[in-house]
Amino acid sequence: MGILERNNVNLRGLGERSMVFAHGFGCDQNMWRMVAPAFENNFRTVLFDHVGAGGSDLSAYNAQRYASLDAYADDLVELGRDLELAGAVFVGHSVSAMIGVLASLKAPGMFADLVLVSPSARYIDDHGYRGGFSRADIDELLASLDDNHLGWSNMMAPVIMGNPDRPELGEELTNSFCRTDTVIARQFAEVTFLSDNRKDLASVAARTLVIQCRDDAIAPVEVGEHVRDSITGSEMVLLEATGHCPNLSAPDQVIAAIRAFV
Amino acid sequence: MSLSPDGRIARANKRMSDKTGYGRDELVGMPFQTLLSVPSRIFYETNISPLLRMQGFVDEVAMDLRTNDGKPVPCLVNVAERRDADGSLLFTDVVVLRAVERRRYERDLVRKRDASRRELDAAAETAQLREQFVAVLGHDLRNPLASISSGIRLLSQREDLSERGQTVVSLMAGSVLRASELVDNVLDFARGRLGGGITLSRNADGPLGPVLEQVVAEIQSVNSGRVIDSKIDLDENIDCDRVRIGQMLSNLLGNAITHGASDQPIEVRALSDAGLFVLEVANGGAPIDDAARRKLFQPFFRGEVRPNSTGLGLGLHIASEIAKAHGGQIDVTSDTQATRFRFEMPLVVAQS
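Chains A and B are the protein sequences, given in the same order. When the letters of the first sequence are read in order and numbered with the numbering used here, they come out as residues 68 to 329. When the letters of the second sequence are read in order and numbered with the numbering used here, they come out as residues 8 to 359.
Treat the hints as calculated values from the structure; they're not laboratory data. Beta carbons: idealized from backbone N, C-alpha and C, even for Gly. Since no wrong hints were added, every one of them can be taken at face value.
Distance ranges between label pairs, derived from CB positions:
| id | chain 1 | residue 1 | chain 2 | residue 2 | range |
| --- | --- | --- | --- | --- | --- |
| 1 | A | 289 | B | 130 | 51 to 57 Å |
| 2 | A | 292 | B | 13 | 19 to 25 Å |
| 3 | B | 109 | A | 250 | 19 to 25 Å |
Use the sequences and the hints to build the structure in full.
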């Protein structure tokens with residue numbers, strides 16, 4: 068199986084330059100459904116699922132390999148080489164912001180511009196750094212994944228029983244979004260929420276834009292500011308939006324910010 | 008409970024207040040996430056919230072609420088968005104059901120499932136070891152059997168044996184042949200279970216006829232009381248694994264000897280015609296009933312147990328596996344006249 072099948076890569080758009088969209092923890096490339104089409108006239112858009120998510124090849128997942136964000140960055144670099152990306156735009160949401168940062172360091176020149184949507188270089192508080200979560204919070208998250216599989220699997224892939232009001236929204240539709248394997252999600256959660264990429268930020272050479280929501284429970288404003296302050300020459304746009312997923316809750320603002328930047 | 012577009016609680020009923028320990032007026036204006044445990048908050052933000060945006064509702068998700076004194080309350084939650092005609096989000100309605108017992112039950116189920124999965128894994132591992140053991144044992148038994156077999160040949164060809172001695176040697180030859188067949192079948196079966204399957208080395212480099220005649224002769228020699236009427240009529244070389252086809256005939260003949268009426272002849276036919284290679288073995292006796300016929304090729308099927316019946320019930324199974332490996336199949340017809348096993352395989356095989 069090739070990389071394009073492994074990562075369920077979807078190419079659209081008419082432009083010469085490529086714009087790669089990477090989804091974060093908990094969902095898949097559907098995260099970009101309200102943003103990516105806006106760029107199809109001027110870019111070749113590249114959407115993909117991380118291995119373990121959405122329509123990716125689950126058999127390609129292996130717990131040893133995917134024990135750190137590096138593996139996801141390696142996958143991204145492989146994908147970029149396969150598509151012969153040079154000077155492309157990378158748009159990464161949540162944990163994929165850091166995956167893009169790592170990939171840009173591993174393959175200089177592949178991405179000229181990085182757009183980091185709701186990024187966090189470290190989720191856990193540290194001396195002189197506020198990530199938004201305590202170590203105990205994250206331990207609670209991981210423990211709950213351990214002892215409550217069924218609960219999580221409901222949470223991860225909600226079972227929509229008969230829904231007489233909306234027969235069109237049957238199981239098929241429900242399951243077509245954000246499909247996540249429970250066991251893989253457990254490890255991805257660990258890899259994501261224990262990651263610390265603060266040291267990598269200083270080496271970023273690509274032009275960088277941070278898109279930050281004013282009210283984000285996962286990556287608060289100061290976390291986004293830390294990313295901006297650590298990447299030389301980067302800028303930040305603060306959206307009047309709530310939540311961690313402006314790509315869905317405020318797509319117009321996200322589109323406008325990316326457009327102004329590229 | 009209803010949330011405003013900014014995620015803050017706009018309205019909450021008395022039950023929400025009872026569940027959380029917050030007053031209704033305290034709840035209004037509070038960000039919904041404040042009511043969630045940290046894991047639930049993370050999943051609300053990363054999974055539930057995107058799903059809501061994409062499909063407008065999410066039903067029956069497990070979440071832990073946190074009361075005003077920090078206690079977790081396991082709940083099931085249904086969430087649905089209300090939008091106006093332009094598609095703008097008006098409210099998000101949240102229905103929270105306490106599910107302490109249900110969640111405890113689910114956790115219990117998961118624990119039991121994990122335990123039985125572990126047991127199953129352990130059992131599978133034991134089974135695997137056992138099959139490896141059988142495979143190794145079968146393989147190691149071949150050598151002493153081969154020695155006994157050549158010893159018997161030496162005795163019967165070079166030594167001047169009494170009539171009684173000749174009878175004993177011939178009986179011994181029959182036993183060794185039978186033992187070798189059993190070992191071959193067990194070995195093939197164990198290999199199949201270990202994932203190796205039946206391996207073929209097929210070619211059309213030599214004639215198949217003499218191989219089949221040899222099998223008939225060997226079995227005839229140790230079953231002198233039975234009539235085997237054999238017509239092997241093969242003009243051309245057949246592209247097949249000759250040793251395997253010989254093994255198949257040996258298994259089919261062994262079956263006919265065991266289950267066929269001893270006073271009626273066994274018929275063996277081998278021919279190639281109209282693009283097919285056909286091998287048939289037929290015996291007289293009571294017909295096989297339908298129930299038995301369906302299970303005939305399953306491993307360890309031994310039909311009705313008769314006092315004189317021996318064997319593991321692997322012969323027909325292995326024969327059918329050999330047939331399949333050659334792209335062919337074995338069919339059975341059985342009536343009061345005869346029980347007939349017919350193997351057919353296409354002569355021209357597409358190169359793959």
